[in-house]
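Build the full structure now, drawing on both the sequences and the hints.
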Amino acid sequence: MSRRLPPLLIGFAVACHVWPGPTCVRQAAAQTGLQALVVEGERLWTQSPDAGNPVACATCHRDPAMTRGWAASFPKFKPLPPPHARVMTLLQANAEAVERHYRLADPLPAAIAITAFLTAQAAGVPISPGVSAGQPVFAARMQALAASVLRGKHLYAGRCGHCHKSFDLAPSATAFPRAEGGRPMSLELFLEGHRPLQPPLAWDGQATADIMAYLMSQAAGRPIGHHTYRASTEGKEGS
Amino acid sequence: MIRVIFFAGLASLMVALAVPPDATAATVIMGTVKNEAGKPLPGLALLEKGEIHNNVWDRGTLVGADGRFRIELPTGGQYGLHVYSSGYIYSPEAVKVETGKTLEVKVVLDPGPIRGNTPVIKKAGFFPWEARQGKVTFVKVDVEDPNGDLGPQVLALNAATGRAYAMNPPKRITDLKANFPNGIYQLEVDTSKGPINPRDWHFVVADHQCNTTDILSFPHDPKPLKVIKVTK
Numbered sequence: 661m662s663r664r665l666p667p668l669l670i671g672f673a674v675a676c677h678v679w680p681g682p683t684c685v686r687q688a689a690a691q692t693g694l695q696a697l698v699v700e701g702e703r704l705w706t707q708s709p710d711a712g713n714p715v716a717c718a719t720c721h722r723d724p725a726m727t728r729g730w731a732a733s734f735p736k737f738k739p740l741p742p743p744h745a746r747v748m749t750l751l752q753a754n755a756e757a758v759e760r761h762y763r764l765a766d767p768l769p770a771a772i773a774i775t776a777f778l779t780a781q782a783a784g785v786p787i788s789p790g791v792s793a794g795q796p797v798f799a800a801r802m803q804a805l806a807a808s809v810l811r812g813k814h815l816y817a818g819r820c821g822h823c824h825k826s827f828d829l830a831p832s833a834t835a836f837p838r839a840e841g842g843r844p845m846s847l848e849l850f851l852e853g854h855r856p857l858q859p860p861l862a863w864d865g866q867a868t869a870d871i872m873a874y875l876m877s878q879a880a881g882r883p884i885g886h887h888t889y890r891a892s893t894e895g896k897e898g899s
Numbered sequence: 020m021i022r023v024i025f026f027a028g029l030a031s032l033m034v035a036l037a038v039p040p041d042a043t044a045a046t047v048i049m050g051t052v053k054n055e056a057g058k059p060l061p062g063l064a065l066l067e068k069g070e071i072h073n074n075v076w077d078r079g080t081l082v083g084a085d086g087r088f089r090i091e092l093p094t095g096g097q098y099g100l101h102v103y104s105s106g107y108i109y110s111p112e113a114v115k116v117e118t119g120k121t122l123e124v125k126v127v128l129d130p131g132p133i134r135g136n137t138p139v140i141k142k143a144g145f146f147p148w149e150a151r152q153g154k155v156t157f158v159k160v161d162v163e164d165p166n167g168d169l170g171p172q173v174l175a176l177n178a179a180t181g182r183a184y185a186m187n188p189p190k191r192i193t194d195l196k197a198n199f200p201n202g203i204y205q206l207e208v209d210t211s212k213g214p215i216n217p218r219d220w221h222f223v224v225a226d227h228q229c230n231t232t233d234i235l236s237f238p239h240d241p242k243p244l245k246v247i248k249v250t251k
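As they're listed, the protein sequences go chains Z and R.
Just so you know, my numbering puts 808 at position 148 of the first sequence, and the rest follows in order with no gaps.
Just so you know, my numbering puts 163 at position 144 of the second sequence, and the rest follows in order with no gaps.
Because the hints were derived from the structure by calculation, they are not lab data.
Certain hints may be false.
As the list claims (entries may be wrong) - Okay, the calculated beta carbon distance ranges per label pair: (1) R:K125 / Z:G881: 26 to 32 Å; (2) R:R87 / Z:G818: 51 to 57 Å; (3) R:K196 / Z:A711: 49 to 55 Å.
Unchecked claim - Only some residues are given here: those of chain R computed to face chain Z with a beta carbon under 7 Å: (4) E70; (5) H72; (6) P132; (7) I133; (8) F145; (9) K196; (10) H227; (11) Q228.
Note that this is a predicted model, so its numbers are computed, not measured.
A virtual CB, placed ideally from N, CA and C, is assigned to each residue, including glycine.
Written out as structure tokens, the structure reads:
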């Protein structure tokens, strides 16, 4: 399967080739880890881990042209059976599907890998929360997303806004999932562990989806890809 | 004279704007059902009214041997279209139909990779309610899922009336994501205006993992599950 690398990564790779330094080594390791994660995600997408239950994601969603825009359309309203329908992040939606279809005791690792695969597949696609190319747009779903964005704005102001301007930070949110120290890291897990002095956020919770819905609303129109960001207070909090 | 022509024109324009040109046109969803190789597939096309997976079943129709179906709707709006064919995993799709217009969809179904986890409709039957003889008939199916993850999609279609139904489980379940029990699912059908005709009734079941039974049609004698050989 062919994948386009974001221009920033290509530029970084060229610079590192000319003058490799410690940052380049770390970046290369992260890229290797990310690539491994994407490969693992593609494997899980196309093949069920349970031989006795071989219905995999790709059994029904086999057309890359259809799935390419998915990552750019999250967070969005997922029409799960009542009362579970709600705005979800891509990872949360993947975890729900992995749990239901693959019946893994811990759906998170597989869901992160699949999220990495779908995000890589979407590289360069403009962020369009709630809207997938070629799919109808439903008013009720967009209203639910707008309500989520509003909740996320308030949550962001209380939890994050002291250090991070949302408009500056938003593009970096698309740099997840990524490999950190050889371990897969999603934005949801990152938020769960960030600002430990505040009440914790659950990676699969509505509040996390709301914050990410707000961030993605700030990044609408920008392409999915890997961006760098440093908080104005980075290094002061140690988080 | 100019004033008369102006007002006559304005009145005609207002009438034209008030009555949409397609006000009498039917609201329709139609489509084709094929496998990946392009072979037309017969089966069922059933609709949920409103958000997909809300389990509010509304209308449905048979998909012909040519893989074509057509459902006329009372009004446009949001629907959940589910398409079933024996031996294949069902396809769910949220669709938006505009009033007075026809939405055309193309559905491609994939074979169920193995049938070991597929639910089975063991039998179906039609039982007049003795206390209300002639007025109510129970339509019942006995369903068993080998891996125990049935969901709310225990479905019936009356092809004569075009009504689709979710059949009631053996015990009341409010969480539609919960695993539904094996056993007898039933419907209470008003037969006060005429007896039920079993030939009109078709049944299909899909579990939470999308494993889908073969469609059970008249004479409602279950057969071994159809296995589709994948040739690529």
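Each hint tested on the structure:
1. R:K125 / Z:G881: 26 to 32 Å: Because 30 Å falls inside the window, the suggested range holds.
2. R:R87 / Z:G818: 51 to 57 Å: holds, 55 Å
3. R:K196 / Z:A711: 49 to 55 Å: violated, 25 Å
4. E70: Holds. Min distance 5 Å.
5. H72: holds, 5 Å
6. P132: The hint holds - P132 of chain R has a Cβ within 7 Å of chain Z, the shortest such distance being about 4 Å.
7. I133: Where the cut-off is 7 Å and the nearest Cβ of chain Z is about 6 Å from I133 of chain R, the hint holds.
8. F145: At 29 Å from the nearest chain Z Cβ, F145 of chain R fails the 7 Å test, so the hint is violated.
9. K196: holds, 5 Å
10. H227: Holds: closest Cβ of chain Z sits about 6 Å from H227 of chain R, inside 7 Å.
11. Q228: With a closest approach of 5 Å, the Q228 of chain R hint holds.
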